[in-house]
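Line by line, the protein sequences give chains G and S. First residue of the first sequence: 1, per the working numbering; consecutive thereafter. First residue of the second sequence: 1, per the working numbering; consecutive thereafter.
One should not assume that every hint holds.
[Claimed, not checked] For lysine-lysine, the following BS3-like pairs were computed, each having C-alpha atoms within a straight-line distance of at most 27 Å: (1) S/K30 - G/K100; (2) G/K71 - S/K17; (3) G/K100 - G/K86; (4) S/K17 - S/K133; (5) S/K17 - G/K92; (6) G/K82 - G/K71; (7) S/K133 - G/K100; (8) S/K17 - S/K30; (9) S/K5 - G/K100; (10) G/K92 - G/K71; (11) S/K5 - S/K111; (12) S/K5 - G/K102; (13) S/K111 - G/K92; (14) G/K82 - G/K102; (15) S/K133 - G/K86; (16) G/K92 - S/K10; (17) G/K82 - G/K58; (18) G/K58 - S/K10.
[As the list claims (entries may be wrong)] Short derived list, chain S residues pointing at chain G, Cβ under 10 Å: (19) Y7; (20) A9; (21) S28; (22) S36; (23) P59; (24) E63; (25) H84; (26) T90; (27) P102; (28) V142.
No lab work stands behind these hints, which were simulated from the structure alone. C-beta atoms are modelled at their ideal positions from N, C-alpha and C, and glycine is treated no differently.
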Amino acid sequence: MGCARDIVEHVGVPRFFYSEFPLGHSAGKPHDENSQRRTLAGALRLFATTTQPRTTMKSDQIWSQDDSWEKDFLNIQRLSEKEIEKLREDYKQQRATAAKLKNLSND
Amino acid sequence: MQRSKTYYAKLGYAGYKWAHFTDVPFISLKLPIIESRLTLVTTAAPFLSSAGNQGPNAPYNAEAKFFAVTGIPLDPEPDLRISHLSYDRTHCAANDRNTWLPINALRQLEKENFIGELSEDIICLPTNRSQRKTIEEDCPAVVRHCQRLGTDVALLVPT
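Turn these sequences into a full structure, and let the hints guide you.
Written out as structure tokens, the structure is:
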């Protein structure tokens with residue numbers, strides 16, 4: 001179950017239940033039990049119906065009538081140079097933190 | 001993917017390559033789903049009190065990362081968060097764990113005999129930025145956990 005269709009299909013998986021939602025909602029919409037149930041049920045149906053690998057089934061749920069959200073994620077064109085510079089510094093620090101923890105976990 | 005590549009290149013990290021497989025393994029279910037034992041696999045991380053903000057709207061938090069495949073009992077329900085992952089922080093407040101962790105929905109469908117049963121552990125899969133580590137260490141570890149748990153079907157829900 002997931003939202004990053006291009007990446008999942010590029011990697012290749014046996015079965016993929018795709019929701020066209022913002023990343024972070026692989027299992028359905030927030031505070032919406034019906035959406036979460038329908039998303040899971042759709043994924044489970046794939047176990048029974050799929051006959052070959054790389055099968056994608058798209059959820060029929062819609063995040064919003066306004067699809068502008070799709071253009072926000074990791075869109076460098078929507079950021080100012082100042083924002084990019086801050087992100088660059090933050091990212092460098094986060095990478096250093098991750099590398100340090102990873103090294104500790106390997107000790 | 002192209003947008004992600006452009007974004008990270010602008011931040012100084014060019015050349016990231018996603019894994020790509022021409023051959024993808026596939027087997028049909030040995031048992032109907034209503035008789036199968038299902039194991040949930042997640043990229044969410046166990047909450048770490050020492051690791052800073054992992055709550056709703058938390059910025060990306062590398063301190064909350066974990067690096068080894070871990071099996072965690074589903075009862076009591078584990079506190080698994082996504083602050084260590086790259087998701088859409090503009091449009092996901094991360095204030096309902098059911099959007100990345102379908103434990104409640106699985107329990108409901110288990111009660112309704114939609115699936116056979118949930119295995120007693122959930123498997124946490126780290127997002128190591130190393131295809132070698134993922135393929136040679138993490139994937140075999142997931143398989144070992146599934147064998148230990150008697151898994152018939154594994155449901156991967158990545159964030």
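Starting from the hint list further up, note which numbers the structure goes against and sort them upward.
1, 8, 11, 13, 14, 15, 17, 18, 28
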